[in-house]
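A.B. asks: So the protein lines, in turn, are chains Z and R.
My numbering applies: residue 1 is where the first sequence begins, and numbers increase by one.
My numbering applies: residue 1 is where the second sequence begins, and numbers increase by one.
It is worth saying that the hints were derived from the structure and are not from the lab.
The structure displayed is predicted, hence computed values, not measured ones.
Please note that the accuracy of each hint is not assured.
[Unchecked claim] Listed next, the stretches of chain R that the computed footprint assigns to chain Z, with coverage defined by at least 3 CB atoms under 8 Å from CB atoms of chain Z:
(1) 188-194
(2) 212-219
(3) 232-244
Glycine is no exception: its CB is placed at the ideal position from the N, C-alpha and C atoms.
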Amino acid sequence: MEKRDTLIEVRNLKKFFKVGDNTLKAVNDLTFDIKRGETLGVVGESGCGKSTAGRTMLRLYEPTSGEVLFEGKNINKLNRQELKAMRRNMQMIFQDPYASLNPRMTVADIIGEALDIHNLASGAKRKERIQELLSLVSLNPEHMNRFPHEFSGGQRQRIGIARALAVEPKFIVCDEPISALDVSVQAQVVNLLEQLQEKMGLTYMFIAHDLSMVKYISDRVAVMYLGKMVELADSEALYENPLHPYTQALLSAIPIPDPEVERKRERIVLQGDVPSPMNPPSGCHFRTRCPKAMPECAAMEPVWKEVKPGHWAACHLFN
Amino acid sequence: MERILEVKDLHVSFHTYAGEVKAVRGVNFHVNRGEAVAIVGESGCGKSVTAQSIMKLIPMPPGEFKAGQILFNGEDIVTKSNKEMESIRGKEIGMIFQDPMTSLNPTMTIGNQIMEGLMKHQSMGRTAARERAIELLTLVGIPQPERRVQQYPHEFSGGMRQRAMIAIALACSPKLLIADEPTTALDVTIQAQILELMKDLQKKTDTSIILITHDLGVVAEMCDRVIVMYAGKVIETGTVDDIFYNPQHPYTKGLLHSVPRLDLNRNEPLTPIFGTPPDLLKPPVGCGFTARCDSAMRICREADPEMTEVSRTQRCACWLQHPLAKSRVGS
Chain Z
1 MEKRDTLIEV RNLKKFFKVG DNTLKAVNDL TFDIKRGETL GVVGESGCGK STAGRTMLRL
61 YEPTSGEVLF EGKNINKLNR QELKAMRRNM QMIFQDPYAS LNPRMTVADI IGEALDIHNL
121 ASGAKRKERI QELLSLVSLN PEHMNRFPHE FSGGQRQRIG IARALAVEPK FIVCDEPISA
181 LDVSVQAQVV NLLEQLQEKM GLTYMFIAHD LSMVKYISDR VAVMYLGKMV ELADSEALYE
241 NPLHPYTQAL LSAIPIPDPE VERKRERIVL QGDVPSPMNP PSGCHFRTRC PKAMPECAAM
301 EPVWKEVKPG HWAACHLFN
Chain R
1 MERILEVKDL HVSFHTYAGE VKAVRGVNFH VNRGEAVAIV GESGCGKSVT AQSIMKLIPM
61 PPGEFKAGQI LFNGEDIVTK SNKEMESIRG KEIGMIFQDP MTSLNPTMTI GNQIMEGLMK
121 HQSMGRTAAR ERAIELLTLV GIPQPERRVQ QYPHEFSGGM RQRAMIAIAL ACSPKLLIAD
181 EPTTALDVTI QAQILELMKD LQKKTDTSII LITHDLGVVA EMCDRVIVMY AGKVIETGTV
241 DDIFYNPQHP YTKGLLHSVP RLDLNRNEPL TPIFGTPPDL LKPPVGCGFT ARCDSAMRIC
301 READPEMTEV SRTQRCACWL QHPLAKSRVG S
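So here's chain R without its partners, still in its complex pose (with noise of 0.2 Å):
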């Protein structure tokens, strides 16, 4: 299959009085084409600075790159100049962000800000790219596009906002669209409709997605594949089946049982996992997630795990899958 997006040992540090910061500390993924990969994980785990490190919309400073590659199209972005960016943002890669409120401009009509895009990246005459817009509001299902083209964000409702949102970042046809939690601030029965509305233009589109999302449900519901990540790292990553039926990491198993399921009936109790995940600005030398474990044994503390192959699709990275770790727990 062919990868469209392969991101190698990726290391994104932050500035700040504090100190320094190491959101992202050696990531490594890759997104195949047609294929929607979800990236899970609590707040603060690096998830969002990862999307928008490939997009390349890190402040620089306070941010970094400190190491590591993003090949897209085996073109590497870290090197890449802000210009050369302008050709790929909107373009190759489009974008959909959590809070369309505050990633609408507000002083320009829904219309202007879908033809912005078109009229720049694909040469359109203002009328052409006009058409182009109405057919693109039509196509993530708003009403009388003709008159909302003309309209502002603020006579939008959430969910509208939503989809002109993705009508801007559809509007290239992008191979890529990075999802960053696109559906966290909508009501559950819009949340279904704009996911419908994605399954549908995955379809029609051979679009790759990014979904990132805390929301279990959406990730069965949308996804081929699941990178875990934790504390900057990626800790687990295989298909929805592997991460859903035989999760490895004790964190993605945590994530499973800290929620209720609506299908189940109400009676063991959630488990939670205990305490809260480290400080980024002293990362921890070991695996990040040995405060909080259960197994955690004396070398998690030591050193960090190595990302080892579970199963042909599944790979994780816990000392747990240490084959002297496997042969105590089996005796």
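For reference, chain Z alone in the conformation it holds in the complex (with noise of 0.2 Å):
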């Protein structure tokens, strides 16, 4: 891969929740950078934070310490003028294309509201321009006065795109962009984001919990259990060389769509649930479940490093 300029840096990030008088920590010190252009795909189970750790990185949740640099600039610091120039940059695409839209307001409305705010065109120009965004997502321009309930799920999905795009972004997070919707118009909307990404130099974080289409889209993968960051690697690697023993059991678990594959294959079945975030393991989180459990797993949390150029893993097996 050619070597990226860095976009966003991502040091100690903490998020924590107040849940009665427990604490929440949803999402435990996570460090890594996000290069120009590039897809960041995050994977993990549900409650393992990544959702959470997307919100936080731009700033829809405060986080509770740690920091993120958007081109060298401190998010966190910013006052609120500061911040609503900076949404310019960093936009998100959401979950559920039902309920990210305002069923009362028009699809142009929609996407307009992005254009008022920042002040980017009005008038004739602002017609002008949501319907060049409807076009740019497939959809036809002439559609602009219909509501969302006038859609299918992935032509939603496609007008929650076209909002996103409405400030020029350098940066989106998709937050599980294509799981509420059929596989076959998954493809599409998938296709879509990679031309828009080629066109405009688009730079995603890719949260999913789909394996198979988070390999497909990502350049570098990141894997996440319970708050905290287990694996990062580019796809390739990831894929083929799994370094942490919960990456491997992931990998293992998922189904390949080939029957003669599947017969030949011995899977690593995990024992258990996932711990309650509330009250996770002591030292690495994963070792209740982790058929390499050691004795010093319990004891001690495993560090973040670098374990091969570019493949970074917080695993005791690898200290």
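Join these two chains into a complex; the hints should help.
C.D. replies: And the structure:
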């Protein structure tokens, strides 16, 4: 892969939520970079903190501690006005295309709102721009005065994408953008995201639990478990040579649409459920389900380090 | 091989304010003893309606059986009364639903929900049923079953609720188990556990399974035969090998090409199927897939293709299977 400059630096990012007397450590000490023009995939099971990580990076949540630098600027130090200007650079596409579009607004208003907030276009230019955005995501510009309920799931997701693109962002967090869609439609949306990336030089953080799709769309992939990143590598390297036992189990759990392969496959089936993030196990959070757990896993938290060039992992097996 | 279930020309409609939605439009298939059959297709293709018809769980009205037969052990379910169905549901046919959160009763303990079927269908006493419930929870891999049997669904995690539901479905050793997207709401590591469990139980009890899913990976892992549905019709059936290695219908091919493969390297772009399925309020005259099909011909819009035999195990409903179309493609 060619050398790219860094767009986003995340340093020791933490986001804790108070739940009664307990603290839920949703995102616990993440450190990683996102390079300009790349797609970083983030995978993990429900409750691992992948969505919280994405939202905290956009400062939709105030982080508990840590920094997020966008082009070298710490977004957590910005005041309201500066943050508003910064939001032009960073956008989000949400998971549920049924819940993330206001049912009482027309498509033109949904997309136009972004233009209004940032004073990007008005009058005839605004209309022109909305139509241009709709054609960009392969929707019929004549449908701009329709309401969200008149569109199918895949079309709604395109509206969400057009809204995110309206402010010409550099970085988009895609939070499970395809998991609510049918298989045949998923491919449409993924292809659209890829085309747009090429055309506009976008950088994506692609959050999903479908590992096959993440592998397909991402340059690099990060695996999260209970608020921590356990592994981060180039997507080919991660899938061909997963280092962390959790990544290995996760990959082995995915059924492959090929009966011949499935008949021959030996599967690592993890025991038990993901422990509650409210009260995670001591030391390495994965040790209670890990087939390779050792005594030191309970005693000490593994260090997040670069095991091989560009291949990061947090596991005592590599200490 | 013994046919445990045979669905013949099933038509199911729903009457809505907008008009009659023809959800299932002439479905034919069968399930043999001990076999796992997958029904795949997109949302709204009629796969869940077909499954619920077999259990006679379609609310009527608005639902209506327009035509067809569902033969279970040679007896037609369509003509059975509600009273008669009560002795089939849970006893002869078990069902696992997609969402374990909403399909368990939140006001009953897990134990009571398992025992209900045992006491009704097998006239067990409370103590015997309770013991059997604990056995079943052990069987589906729930730790500390003696304690768990007294707990309520909200005290269970998602994966455990699904296990509990499997325990309920299996309580009376049904001959047929219908699993409607049993793992869709679950994480992959939990999905692997549940699929492992279902395969294992099937081997032990020789139950037939109908698995409804849109995950082709799950199909490849679990099933012997596949039924592909589109717009309320069966468009292709065959063994898993037929469907995955020699798909005939353009829709089946499209489905297989639109999912990325974990074990293959990223080089070719995904080929999505463009457009969306037809509106079943006004189903098309010809083949339902015409509008989205790359190889559509004039005949496809005018007449519905018949199911034709591709091989001994594989059948497909597509005009491309017609001898005339084949000779045209060949030349």
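A.B. asks: All the hints need checking, so say for each whether the structure fits it.
C.D. replies: Hint-by-hint comparison with the structure:
1. 188-194: holds (count 6)
2. 212-219: holds (count 6)
3. 232-244: Result for this restraint: holds, n = 3.
The structure shown violates none of the earlier numbered hints.
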